[in-house]
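Number of protein chains: 2
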Amino acid sequence: MANANQNNPRKEVTYALVGVVVFLVLVLIVALSGYFRPGGHNPAVAANDEVNSSNSAEATAQQAPEPIVSVRDEPIEPIVVEAVAEPKKVALGKMLWFDTRLSKSGTLSCNSCHDLAKGGTDNIPTSVGYNWAEGPINSPTVLNSRYSLAQFWDGRAKDLMEQAGGPIENPLEMASSHEFVVKVLNSIPEYKALFHEAFANEDDINIDQVTSAIALFEETLVTPNSRFDQWLGGDDESITAQELKGYQLFKDSGCVACHNGSAVGGGSFQKFGVFDKYTTQNLAEGRYAVTGNDDDKHLFKVPTLRNIDLTYPYFHDGQVDSLADAVNIMGKIQLNRDFTSEETADIVAFLKTLTGDQPQIKLPKLPPSNENTPKPVPFEKQS
Amino acid sequence: MANANQNNPRKEVTYALVGVVVFLVLVLIVALSGYFRPGGHNPAVAANDEVNSSNSAEATAQQAPEPIVSVRDEPIEPIVVEAVAEPKKVALGKMLWFDTRLSKSGTLSCNSCHDLAKGGTDNIPTSVGYNWAEGPINSPTVLNSRYSLAQFWDGRAKDLMEQAGGPIENPLEMASSHEFVVKVLNSIPEYKALFHEAFANEDDINIDQVTSAIALFEETLVTPNSRFDQWLGGDDESITAQELKGYQLFKDSGCVACHNGSAVGGGSFQKFGVFDKYTTQNLAEGRYAVTGNDDDKHLFKVPTLRNIDLTYPYFHDGQVDSLADAVNIMGKIQLNRDFTSEETADIVAFLKTLTGDQPQIKLPKLPPSNENTPKPVPFEKQS
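Quick mapping for you: the protein sequence lines, in order, are chains A and B.
Here the working numbering = 1-based position in the first sequence + 1.
Here the working numbering = 1-based position in the second sequence + 1.
Some hints here could point you the wrong way.
For chains that are exact copies, the list does not tell them apart, and a pair is met inside one copy or across any two.
[Said to hold, decoys possible] In silico SDA-like links for lysine to any residue, alpha-carbon gap of 25 angstroms or less: (1) 193 - 118; (2) 382 - 136; (3) 382 - 138; (4) 376 - 345; (5) 159 - 255; (6) 376 - 173; (7) 376 - 342; (8) 333 - 323; (9) 382 - 172; (10) 353 - 375; (11) 363 - 83; (12) 272 - 298; (13) 246 - 344; (14) 252 - 150; (15) 363 - 191; (16) 333 - 68; (17) 159 - 67; (18) 382 - 176; (19) 159 - 83; (20) 382 - 132; (21) 376 - 326; (22) 363 - 87; (23) 298 - 160; (24) 272 - 373; (25) 184 - 373; (26) 333 - 372; (27) 376 - 138.
FYI, nobody ran anything at the bench for these hints, they're computed from the structure.
My request is simple: use the sequences and hints to build the entire structure.
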């Protein structure tokens, strides 16, 4: 029989052919089995599905387009989305972000004043807190806040983690206490398990873990791929001639001296009212409240101009509704310049090109309280 | 040359082999090109991506598992998810659901009191409205509300569309007016375009369109695939022996007489306090407030028990935090029965099997207001 094979070259080749066909069919089967398994085909999509289903942040990184690298020599840099380094903490941070049990009343969450459906703001002059308290200052957007040199208008928190602890205890905001919040979270087994996993220990949940998870979630809240960023990347068609003219004026008139970098702001404290006073009922002390230096009176952190079309009303007191009015006021009191109405319109047109891709947020499912969970106090009972 | 080929069978077979290999390689290339195109591999995932990216409802239908059909003869039916019939209206309804501009203050949305991260409720006894007003009654869950015979605890709205108009104008809730809300929406070009497309006309937006879009979104908010539904579908392993015992007792003791159907409730009005009075500071009139019939005093719509583990606190006044306490009270005053602590635990265990898959909600991006948009009034200024 061995001889028969050796003596028949046609049969030999046919055997080889059958072998090759069987091999290729097997390759096809393996390929297609992955192909028809939902999410099994594309590593990026699969990873993202998983992150989403485990209540994680939307992992902007995975969904983001190719990072834009500026090909122009400009004082504004495109936003580059970084990979989420600690997805479990970010996922937990997102749950805490939406959890109203961080407030005394059980009705206010981080998202109440920094609404991710509305550019990370509440779009009112000053926020509504516990018992309908009126906040002292406008809620700045959380979007791209990671690029700020410090947090709050007066920079009193050095970073997002330090910031996150503030509103929880502020009696005009969430009006709770760190102690109460930690008791609530420790009473909920699902939260404990998620904290243990994210922080790789079996300790009781503490407030530093809470604020660090929230801060890590906030760090993912960036808005890449604005039309202006596309222009920085070399796409001449992504902004109009008027928008480009507005940008030129924005540079030439000096706005860019403070509004620059990735966030188009957030990099320094500046005096509000250089050439003229800003007239407001709410002339906060600004940076002075932190440092006590007379030189710091009415200095505020320069706000980001990213997504400025979404983050009205404007300024620390939220007293200006129109972007055109805001541009005119800034020209007058900061630069001693009266823009013509055409110039103002050009700058406004440019500013609207700074709206980027908003974070894709899938609402988390919050684990329920139980009989051991301290109860919220929505209404103070009269004694 | 033709002859040479005909005379060499080995060459002939080699040619055939090359042809087959080229063909199979081409098949592989076509297969893999689809494979590596994001979303291009799986029609279901692709469709869902598209729905999400166009701000639509999460189209629970697309993500839902195979519908469960009951194989058991039981008074409770599994939830069957229907395809979204009008996705454009549903997408619009989702935006309106999260839009705080439906409230006078600009801070309250439908989601404030029916939080989709928390079982469609606010988890406090009575809700917080404009100017920190205390609502008169517990906010019922929006989840599976489509299965109710009418809306509100007293059934005063015949359907979800009629219900949706109520809280907008209620001075203790959103405290706005239909007129104001319609003015706000008509001032926003993105909203106008979406309404025109969804309702296939170029008319100004009217309140009926607003409430019908919200109602259509709410109709998608169902929670299929609970462990109990899996058991109804024939999976004996999906619930434990204790949970099954609890269900038997739930039937045998008479709970199921009112808590039945797809929503395990919602199908009738019943007197609260048949054998004994319910003691509360908030003994609302119930159905009597709608009909004026003496027989309807203290009749309430039977609430759904779906997701009851998430929708605490319980009863129309939200005065009961613990599910065990709620079961005991119901046994006593509705059925004249004192459950043993073991019986109560069994029923509670059964009730927790009714938590289903929560709707997958991607937060919408709300279009910004502009200079023509009427402003919210978060704080009443003292005159």
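### Query
Between copies, within a copy, both or neither: which fits residue 353 and residue 375 at Cα up to 25 angstroms?
between (45 angstroms within a copy, 21 angstroms between copies)
#### Entry: Intra/inter-copy verdict for residue 272 and residue 373 if alpha-carbon distance must be at most 25 angstroms
Classified as neither: same-chain Cα gap 50 angstroms, cross-chain 32 angstroms, threshold 25 angstroms.
### Query
Using 25 angstroms as the alpha-carbon threshold, which applies to residue 363 and residue 87: within, between, both, or neither?
Both ways: residue 363 and residue 87 sit 18 angstroms apart in one copy and 22 angstroms across, limit 25 angstroms.
### Query
Between the shortest in-copy and the shortest cross-copy C-alpha distance, which are at most 25 angstroms for residue 252 and residue 150: within, between, both, or neither?
Close inside one copy (22 angstroms), not across copies (63 angstroms); limit 25 angstroms.
### Status of residue 160 relative to residue 298 across identical chains (alpha carbons, at most 25 angstroms)
within (22 angstroms within a copy, 57 angstroms between copies)
### Query
Can you tell me if residue 333 and residue 323 fall within 25 angstroms by alpha carbon in one copy, between copies, both or neither?
within (16 angstroms within a copy, 61 angstroms between copies)
### Homomeric proximity label, residue 382 with residue 132: Cα distance no greater than 25 angstroms
both (12 angstroms within a copy, 16 angstroms between copies)
### Message
Regarding residue 382 and residue 176, is the shortest C-alpha distance of 25 angstroms or less found within a copy, between copies, in both, or in neither?
### Response
Close inside one copy (16 angstroms) and across copies (23 angstroms); limit 25 angstroms.
#### Entry: Intra- versus inter-copy proximity for residue 345 and residue 376 (alpha-carbon distance at most 25 angstroms)
Between copies only: 23 angstroms across, 52 angstroms inside.
### Message
With identical chains, the pair residue 382 and residue 138 could be close in the same copy or across copies; at 25 angstroms between alpha carbons, which is it: within, between, both, or neither?
### Response
between (28 angstroms within a copy, 17 angstroms between copies)
### Message
Within a copy, between copies, both or neither: which one fits residue 333 and residue 68 at a CA-CA cutoff of 25 angstroms?
### Response
neither (37 angstroms within a copy, 64 angstroms between copies)
### Message
One pair to classify: residue 363 and residue 83, alpha carbons no more than 25 angstroms apart. Within, between, both, or neither?
### Response
both (19 angstroms within a copy, 22 angstroms between copies)
In summary, the numbered hints that this structure violates are 5, 16, 17, 24.
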